[in-house]
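A.B. asks: Chain residues, written in single-letter form:
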Amino acid sequence: MAYLRNRWYVAGWTSELTEGGGVLARTILEEPIVFFRHGAGIAALRDQCPHRFAPLRLGTVSNGALRCAYHGLAFGADGECVRNPQGPIPKAARVRAYPAHEAYSMIWVWMGAASAADPALIPDFSCISDAPARVRTPGHSKVAAHYELLNDNIMDLSHVDFLHQSSFAQGSLSSVRPQVSTRGEAIRILWSVTDAEPSVINRQHGGGASRFDIDTEVVWHAAGNMRLAVTMRPAGGAPGPVLVIEGCHMMTPETLASTHYFHCGTRNFAVDDAALTAQRAQIARRAFDEEDKPMIEAVQRSMGADTDLLSRQPMLLAGDGGAVRVRRAIKAMVDAEHSQGR
Amino acid sequence: MAYLRNRWYVAGWTSELTEGGGVLARTILEEPIVFFRHGAGIAALRDQCPHRFAPLRLGTVSNGALRCAYHGLAFGADGECVRNPQGPIPKAARVRAYPAHEAYSMIWVWMGAASAADPALIPDFSCISDAPARVRTPGHSKVAAHYELLNDNIMDLSHVDFLHQSSFAQGSLSSVRPQVSTRGEAIRILWSVTDAEPSVINRQHGGGASRFDIDTEVVWHAAGNMRLAVTMRPAGGAPGPVLVIEGCHMMTPETLASTHYFHCGTRNFAVDDAALTAQRAQIARRAFDEEDKPMIEAVQRSMGADTDLLSRQPMLLAGDGGAVRVRRAIKAMVDAEHSQGR
Amino acid sequence: MAYLRNRWYVAGWTSELTEGGGVLARTILEEPIVFFRHGAGIAALRDQCPHRFAPLRLGTVSNGALRCAYHGLAFGADGECVRNPQGPIPKAARVRAYPAHEAYSMIWVWMGAASAADPALIPDFSCISDAPARVRTPGHSKVAAHYELLNDNIMDLSHVDFLHQSSFAQGSLSSVRPQVSTRGEAIRILWSVTDAEPSVINRQHGGGASRFDIDTEVVWHAAGNMRLAVTMRPAGGAPGPVLVIEGCHMMTPETLASTHYFHCGTRNFAVDDAALTAQRAQIARRAFDEEDKPMIEAVQRSMGADTDLLSRQPMLLAGDGGAVRVRRAIKAMVDAEHSQGR
Numbered sequence: 001m002a003y004l005r006n007r008w009y010v011a012g013w014t015s016e017l018t019e020g021g022g023v024l025a026r027t028i029l030e031e032p033i034v035f036f037r038h039g040a041g042i043a044a045l046r047d048q049c050p051h052r053f054a055p056l057r058l059g060t061v062s063n064g065a066l067r068c069a070y071h072g073l074a075f076g077a078d079g080e081c082v083r084n085p086q087g088p089i090p091k092a093a094r095v096r097a098y099p100a101h102e103a104y105s106m107i108w109v110w111m112g113a114a115s116a117a118d119p120a121l122i123p124d125f126s127c128i129s130d131a132p133a134r135v136r137t138p139g140h141s142k143v144a145a146h147y148e149l150l151n152d153n154i155m156d157l158s159h160v161d162f163l164h165q166s167s168f169a170q171g172s173l174s175s176v177r178p179q180v181s182t183r184g185e186a187i188r189i190l191w192s193v194t195d196a197e198p199s200v201i202n203r204q205h206g207g208g209a210s211r212f213d214i215d216t217e218v219v220w221h222a223a224g225n226m227r228l229a230v231t232m233r234p235a236g237g238a239p240g241p242v243l244v245i246e247g248c249h250m251m252t253p254e255t256l257a258s259t260h261y262f263h264c265g266t267r268n269f270a271v272d273d274a275a276l277t278a279q280r281a282q283i284a285r286r287a288f289d290e291e292d293k294p295m296i297e298a299v300q301r302s303m304g305a306d307t308d309l310l311s312r313q314p315m316l317l318a319g320d321g322g323a324v325r326v327r328r329a330i331k332a333m334v335d336a337e338h339s340q341g342r
Numbered sequence: 001m002a003y004l005r006n007r008w009y010v011a012g013w014t015s016e017l018t019e020g021g022g023v024l025a026r027t028i029l030e031e032p033i034v035f036f037r038h039g040a041g042i043a044a045l046r047d048q049c050p051h052r053f054a055p056l057r058l059g060t061v062s063n064g065a066l067r068c069a070y071h072g073l074a075f076g077a078d079g080e081c082v083r084n085p086q087g088p089i090p091k092a093a094r095v096r097a098y099p100a101h102e103a104y105s106m107i108w109v110w111m112g113a114a115s116a117a118d119p120a121l122i123p124d125f126s127c128i129s130d131a132p133a134r135v136r137t138p139g140h141s142k143v144a145a146h147y148e149l150l151n152d153n154i155m156d157l158s159h160v161d162f163l164h165q166s167s168f169a170q171g172s173l174s175s176v177r178p179q180v181s182t183r184g185e186a187i188r189i190l191w192s193v194t195d196a197e198p199s200v201i202n203r204q205h206g207g208g209a210s211r212f213d214i215d216t217e218v219v220w221h222a223a224g225n226m227r228l229a230v231t232m233r234p235a236g237g238a239p240g241p242v243l244v245i246e247g248c249h250m251m252t253p254e255t256l257a258s259t260h261y262f263h264c265g266t267r268n269f270a271v272d273d274a275a276l277t278a279q280r281a282q283i284a285r286r287a288f289d290e291e292d293k294p295m296i297e298a299v300q301r302s303m304g305a306d307t308d309l310l311s312r313q314p315m316l317l318a319g320d321g322g323a324v325r326v327r328r329a330i331k332a333m334v335d336a337e338h339s340q341g342r
Numbered sequence: 001m002a003y004l005r006n007r008w009y010v011a012g013w014t015s016e017l018t019e020g021g022g023v024l025a026r027t028i029l030e031e032p033i034v035f036f037r038h039g040a041g042i043a044a045l046r047d048q049c050p051h052r053f054a055p056l057r058l059g060t061v062s063n064g065a066l067r068c069a070y071h072g073l074a075f076g077a078d079g080e081c082v083r084n085p086q087g088p089i090p091k092a093a094r095v096r097a098y099p100a101h102e103a104y105s106m107i108w109v110w111m112g113a114a115s116a117a118d119p120a121l122i123p124d125f126s127c128i129s130d131a132p133a134r135v136r137t138p139g140h141s142k143v144a145a146h147y148e149l150l151n152d153n154i155m156d157l158s159h160v161d162f163l164h165q166s167s168f169a170q171g172s173l174s175s176v177r178p179q180v181s182t183r184g185e186a187i188r189i190l191w192s193v194t195d196a197e198p199s200v201i202n203r204q205h206g207g208g209a210s211r212f213d214i215d216t217e218v219v220w221h222a223a224g225n226m227r228l229a230v231t232m233r234p235a236g237g238a239p240g241p242v243l244v245i246e247g248c249h250m251m252t253p254e255t256l257a258s259t260h261y262f263h264c265g266t267r268n269f270a271v272d273d274a275a276l277t278a279q280r281a282q283i284a285r286r287a288f289d290e291e292d293k294p295m296i297e298a299v300q301r302s303m304g305a306d307t308d309l310l311s312r313q314p315m316l317l318a319g320d321g322g323a324v325r326v327r328r329a330i331k332a333m334v335d336a337e338h339s340q341g342r
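Chains as they are written, first to last, in our numbering: chain A, 1 to 342; chain P, 1 to 342; chain G, 1 to 342.
Worth flagging that the hints you see were computed from the coordinates, not collected in a lab. The model shown is predicted, which means the values in this text are computed figures rather than measured ones. The beta carbon of each residue, even a glycine, is placed where N, CA and C say it ideally should be. Honestly, I wouldn't trust all of these hints.
[Stated by the list, open to error] Partial chain P-side listing against chain G, Cβ under 7 Å, derived:
# : residue
1 : F53
2 : G79
3 : V82
4 : H159
5 : V299
6 : M303
[Claimed, not checked] With beta-carbon atoms standing in for the labels, derived distance ranges:
#  : chain 1 : residue 1 : chain 2 : residue 2 : range
7  : G       : E290      : P       : L310      : 35 to 41 Å
8  : P       : S311      : A       : G304      : 25 to 31 Å
9  : P       : S15       : G       : A305      : 44 to 50 Å
10 : P       : G87       : A       : S181      : 16 to 22 Å
11 : P       : T182      : G       : S311      : 55 to 61 Å
[Claimed, not checked] Chain P regions said to be covered by chain A (calculated; three or more residues, Cβ under 8 Å):
#  : stretch
12 : 39–51
13 : 54–62
14 : 88–94
So here's chain A without its partners, still in its complex pose (with noise of 0.2 Å):
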């Protein structure tokens, strides 16, 4: 299936981006985009110099134009040439520049028309900027799988119970079922569980509580951003804390067989100790990348090139609404952009 591209994804983090003539190289849908920073912008141009075709990554960065490492010519954040040391700068000498925009402490790229490039279309993710820095854990994966494996994931709680024992499961996710709805083009998944002992990573925080009722929600925005929100009350309207646990999953496909996983949490409790934040890093990176990544490239192995999983037909269980409705809604979005003409 062809890619989702009039929509904006997330390239990075902004702290990746250093001041001080940084660059920033990742390959999104199949495309090369090289990242810099000019005045209070970022740019983001087509890694590739249209002279020989050497990698702009490997240039440096002055007077907000990017040099290119191998004879020396010079691109602007709009992509035009505006140096070459063997004389005038020819008319062909430009390269594609991508609308980037700053956000909720991320990089956002539109992959599509550059006219509908409207920032307005960035979903809203203010629980993350809003939160103090000293609870967020934000981190970067590459995952060897097709981006709608790590939605069906996020869009697919239930495998908590099985696949992060140790860690998130709390309850049983997989023995209720969850209530799925739409408001525009969001999709949203609920999981509510009463009376429940709370994860092994949120149990000492419950303020001398020991049961909990506990909704566990994940609202995803095309193509694979997810805001996850876990609120824990004292069960049966006991009193004592209201625990919220808020964070994004965000899937930024490379290729159609890799994806770039960003992440990052946060919560309301403890927001002064750092130390419990650095531990609760941690724990989110070790379930991301020792449990989550192996399993969903082992999928990715087993599924082999084809990973559009609803053509397969395969044996469902009341878990997979959220997920199948993302899948069917990427798959519509994806049509009308053709049929568009994008």
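Using the hints provided, position chains P and G relative to the given structure of chain A.
C.D. replies: Same frame as chain A, but now just chains P and G:
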């Protein structure tokens, strides 16, 4: 050429499948299979959950069923789903089960129609299981080559004079014309050398005799199972012990370009000398892994994807008689399978 | 584009082929070739035994013949089998022999019709063999790129200003327009800079002069053999020594995406300073292996499989004149070979 399917293949040594819930995963004829013990038997299932295609080998065994590590579906030895944490068991919830059998301390699996899977068709390797465990030298290598190149290597032992000069070379197999014969489906090749020096590894066990009449016999059973017996008699009927060294060389295709090579040797002398067994195991492993394997992998690379030797009109020598007859037999068996519609 | 076949290619340094039975295996134009010494000459055989396709490079040389390590067939310098341990020599027992020649301390091999292999066609690299061995800096790298990208790199030295700033950059080649000319099949490009600072590595050898008039000349011979000469005269006719640094850059295709890069430098100053030679060799190797090679491999990856630069309508600059003329010459020669039926 297609694989021969209606035959028993060695999948592993039974010692590889530990008691207490272990699994053994092997790809055989390009099919991923997971083995585990249930009751007194061995189960062999397609290593892919029908829900989301996770490899079942990542799961755990309990009560004779294998539970998927991703979403918790469990499957019994017959491939039927026995537990769905999310609700009733769907009708489609099953995986392919392969006939599997334990014999001669090996795990055998049948890759064709289950109805034809008769354990009586497993070739006789009692030479291994009848020998005391303390003289056996079981081993397993993965070789990046088509299994027929490995068959060739055992069926044409004239290479021993050149490739294994410091270990197995005895007399000069390359200078005698071997006898090839057929018994039912089995193919036998025999090299007889007289008044010859024994090989380096057998030299010291002749009870004082220094020259021997040596018969080296290989019997092949489809698709890649060979028994190799060396019988050494003091030359010219002189008094002294008769040494017999037996072994098996079992080639199981993983893919068209990679093979599981299982091997084991035994002997009828110094049967209580465990140190000698360890030493002979090490010499054999070195010969297989550092002499045969690199050579056969180099031949595979040199031939490229097409390893159908006979179609390439090679220059054949006297020693190729057994290997060529085996290749023709395999081709006829595969053709027969296909004409029967398998 | 097809390879140019009726030309001499560098296969290695003669020092790589030791006396006493050594072999040198190289893949050239996708053909595996094994070289060995016989008498006063060098034999070059297809590196594949006609019996079972084993690579002959694993064998051993004795009496001027190369014996296969697998089953003991031996082949002479003309490719004919001279020994079969299993019986008479079969008529078909031969391998392809390639014309090979030792010249200028390099091994040359002819990849086209043997009847056309005239050693007089080997381009003159006496600049290497005439220089005392103690000033020579021979080297060999493998580069994962099409050989024409490596030709481009030497034919367009304007990159030196940017890629080799700390070693070879001198004056500013990128700011002068080079002169390109043709002599027979050879193509010459000349950069002349006046009143310039010498490069870092030559700076200290000017005998007190600090500004020079510098001619940098590259002469190309098909398919990938280039002589590079730098001649430095004290600026404006001032008194002082004339420094001459010569070198060769020989690109031999291994495949369409990998190239053997042989190189060697000499100089006409401090000719007894072995430490200087070692230092210059190290600087050159660092520049080629850590600056050119990563850049050219990145260009290859950026271009993908199609490295036919001119068909991709790149934005050309003044410095591309020599490289473009070489590419056109190669294309014409390949076309000529094919129209002649080779």
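A.B. asks: All hints, please: hold or fail.
C.D. replies: Here's how the hints hold up against the structure:
1. F53: Cβ of P:F53 sits 31 Å from chain G, so the hint is violated.
2. G79: Violated - the Cβ of P:G79 stays beyond 7 Å from chain G, reaching only about 42 Å at its closest.
3. V82: Hint violated; P:V82 Cβ to chain G Cβ min 50 Å, cut 7 Å.
4. H159: Constraint on P:H159 satisfied, holds at 5 Å.
5. V299: Interface hint status for P:V299: holds (5 Å vs cutoff 7 Å).
6. M303: Result: holds, 5 Å to nearest chain G Cβ.
7. G:E290 to P:L310: 35 to 41 Å: This hint is violated: roughly 49 Å between Cβ atoms.
8. P:S311 to A:G304: 25 to 31 Å: holds (29 Å)
9. P:S15 to G:A305: 44 to 50 Å: holds (48 Å)
10. P:G87 to A:S181: 16 to 22 Å: 21 Å Cβ-Cβ, so the 16 to 22 Å window holds.
11. P:T182 to G:S311: 55 to 61 Å: holds (59 Å)
12. 39–51: Result for this restraint: holds, n = 4.
13. 54–62: holds (count 3)
14. 88–94: Since 3 is at least three, the answer is holds.
Comparing the model with each numbered hint stated earlier shows that hints 1, 2, 3 and 7 do not hold.
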